[in-house]
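**Q** We have chain U; now place chain P onto it with these hints.
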Amino acid sequence: MLADYRNTIYHCLKCGACRHAYEIYMPICPSGMKYGFDSHYAIGRISLARAVIDEEVKLDADVMRRIYTCTSCGACDEQCHDAVGVDPLQVIEEFKCEAVEKGLIPPEVRDYLKHMNVYGNPYLLPAEDRGKWALNSDIEVFDGQEYLFYVGDVGSYDERGRKIARAVSGALATAGISFGILGEKEMTDGNEINRVGEKGLYEYFATANIDLFKEHGVRKIITLSPHAYNAFKNDYPGWGGNFEVSHYSQVLARAIGEKRLKPEGTEGVRVTFHDPCFLGRHNQEYAAPRQVLNAIPGVELVEMERTQKNALCCGGGGGNFFTDLLGSGPKSPGRIRVREAIETGARIIVTACPKCFNMLDDAVKAENAEDRIVVKDLSQILS
Amino acid sequence: MENNKDQIRQSLVSIVGEENVSGEIPDMIPYIRDSYSTMMGRRIPLPDFVVMPETAEEVQKIVLLANEHLMPVYPRSIGANIAGSALPYREGGMVLDLKRMDRILEINEDTMTATIQPGVTWGQLRKEANKKGLDIIPIGGPYQTSPVGNHLLTNITPYSSKYHCDRAVTLKVVLPTGKMLRTGSWASAQGGDTNPYFRYAYGPDITGMFRGSLGNFGVIVEMVERLRPVAPVEKDISFGFRELGPCLKALQAIERLEFTRTCQIYNNMLAAHLVLAPHRIKEPGERERLLAKMPPYQLGIGLGGTEDMVALFEKIALEEVSKHGGYPFQLEPELESVAKGASRDIMHMYAPFSGFAAVIGCLPITHVAEINDIVKDLVKKYDIRDPISGEPQEHELIVIPYDRGSTVYVEQEILYDPAADRATLEPVMQCLRECYARIVGQYGASHTIPNKTLMKMLVPSYVEILVGFKKMVDPNGIMLPGGPYSLE
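Going line by line, the protein sequences match chains U and P. Going by this note's numbering, 34 is the number at position 34 of the first sequence; the sequence numbering is gapless. Going by this note's numbering, 161 is the number at position 161 of the second sequence; the sequence numbering is gapless.
Looking at chain U on its own, in the form it has when it is part of the complex (with noise of 0.2 Å):
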């Protein structure tokens, strides 16, 4: 319940902190910039939180809109939670959770959790489609190997994600790293479905999930996705699976380090890397991927001004990847990245997250700047 939030709620001191990176003064906030009124910072939805456990406004549609512009990128806390000791995003979960309570969530976040729960992914496809990105080629189906090859919702059924995940199976098979896939029977991980705040909903997977690892005799699992990796590390221990998770670009920055793989050198090429939040500042994983980069030979990695903790969400956590609540337009937290990646004289955005590629793919397109920049996965930049 957001009551049970209220010493959290009525300690927001309403300085702004929420809005503004620290030592890069830059503003951190993807719905804020893009909406431009308090209602769509943390500062504002604490504000709501305040008003609805006061009796003040009643939590309805209208409100929630607010709320779920929230891509759970968790730039707020990094800032708040050293100034003044708050971490605004469990009160924007939890308003989440209980407007799906209350039945009062926006008709796209409706729409979503109705999906994942007939389909058991918002592609509307069936379970049968998910081994399809990997027919014709040498991946096998999880049976004993050392590693779980997870692949999720986007690497499974999306044509871009489908992609990532033929290159990261790659990667790691010349690695030399045994690996399988669960193929049709892999299921959603729930990361988004935990999100947007359909805790039950989440729960049934993550247990039929953890059954079904356990089934197999899974002990280790390596995610194509932040958001799965952060789920499986950070939520389903509460559920008994206690498995040993590791995001792609971990395994490939312990290969690389072990000399088990060796990326080919490629011309001079200038990179910057974007960290997905949910490897990032959620995981606080910075340093693998960048591991990996700095191992190719001709890559240069130039940084973003707003990079690892300060890095700037690109629109898609919190589910606004399939609900698309952010929206579009010059002000889109995609559009505004593409800007400042190019803005670094890199010709290539590099990221690790399929829902990070699909929005920075989409957004070059929009900025008209193919001519400028390409987007590529850490593990295509590899092969």
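One or more hints might be untrue.
[What the hints assert, rightly or not] Taking lysine-lysine pairs in the DSBU-like style, the calculated list, with each CA pair at most 30 Å apart, reads:
1) K309/U to K235/P
2) K61/P to K331/U
3) K61/P to K309/U
4) K282/P to K309/U
5) K380/P to K293/P
6) K5/P to K58/U
7) K5/P to K331/U
8) K309/U to K340/P
FYI, nobody ran anything at the bench for these hints, they're computed from the structure.
**A** Chain P alone, transformed into the frame defined by chain U:
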């Protein structure tokens, strides 16, 4: 009435565009709250609109429209709103959210100034100034607040003893009538844009009329702000004292030698809170361990110049401090960042619960110990408890010299937990009121437009001038009506 509202909305949309006007309740709720109104249990009415202009011309058109409809206007710069100064107190008003006006229009290396819009933050200004070998003049405020907002509040909290506390040079203001005013040398119709860099041109100091005006007199759309040169060597040092009296004497002696860049005194409670991040302060025993290591009072000094100059200044500071029983004390990095200004660590002074009642006043250094005792006694009288330990509270104290110590800025913080019940908060409120009544009544120690209670303590002719100026620039009384700081 609704038709009129629709008509106003349409007009606003035609000025700033659909996406920058809202009359929807969820968009307006965040603008009716701040830290103090919450403590005071005040209910603020919803405005009719929140509007986000991007240019001075848009602000002008909006203000003209507000005049036409006699609609209250409540401007806010970046909206780090804490003490009730930018809330829409009267029903049917319009909040002017200026955060889109966030451009630094010029950084002039010759005049060491920046021309900025109201949505520019201290941090943003520092970053750009640093690129040209300049820096902001140190302030006590945090990085995400606005220099323009700071000027409208008090333009003080001067962590700088080297530079005059009032950093605004000239202003471009949309007056409540919609007319555009330029102050100082900027007032020259022909030459103003060539030279907006001199405050004291053309008679009385009109820039100063807006300092501490809290938005009563118009909307500042541009401000020329003083910057400072970054010295080749800059160093912050600290000294410990067992008692406040000798610490104040040492500060006075050092300021008279005119070599410091910054200078401030903290009591140990404030120093400990600044050092401890909010999550650390809640750890059992953490604050007590730090307090046990800290001197009761710390005198911090910022030095700047060549290497030789700084070494000499440090030696002189040590000699002066020693005469008053002070001793070198290792400066914590958090206190160093606070002294540089526009830090995040300054926010720790409100930790762990963000509830603070600030008793602020400026007065001769000789009275500091007395007003410190007044607050101490009143905190005891009202039995205000430490929000962490539940023990009787020791309040926070900071002392910063103005103009080489002719007067000093004193801020004393009484902390509380805003989530506490009314019965706990009521004594804090009463204590705060009595603190102000005592220090203003006995020592004339205030710093901004007084609220309506304190206004009664001023000589009538002073109030007449303030109110008269307000009537002249705002004949329809559209700016900031209804609030505690309104001059209507």
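**Q** Against each hint, give a clear statement of whether it holds in the structure.
**A** Evaluated hints:
1. K309/U to K235/P: Judged against 30 Å, a Cα distance of about 29 Å means the pair holds.
2. K61/P to K331/U: holds (25 Å)
3. K61/P to K309/U: Roughly 41 Å separates the two Cα atoms, so the pair is violated.
4. K282/P to K309/U: holds (24 Å)
5. K380/P to K293/P: Holds - the C-alpha atoms of K293/P and K380/P are around 25 Å apart, at most 30 Å.
6. K5/P to K58/U: Holds, at roughly 23 Å.
7. K5/P to K331/U: Given that 30 Å is the threshold and the Cα spacing comes to 29 Å, the pair holds.
8. K309/U to K340/P: Holds - the C-alpha atoms of K340/P and K309/U are around 23 Å apart, at most 30 Å.
In this structure, only the earlier hint numbered 3 is contradicted, and the remaining ones agree with it.
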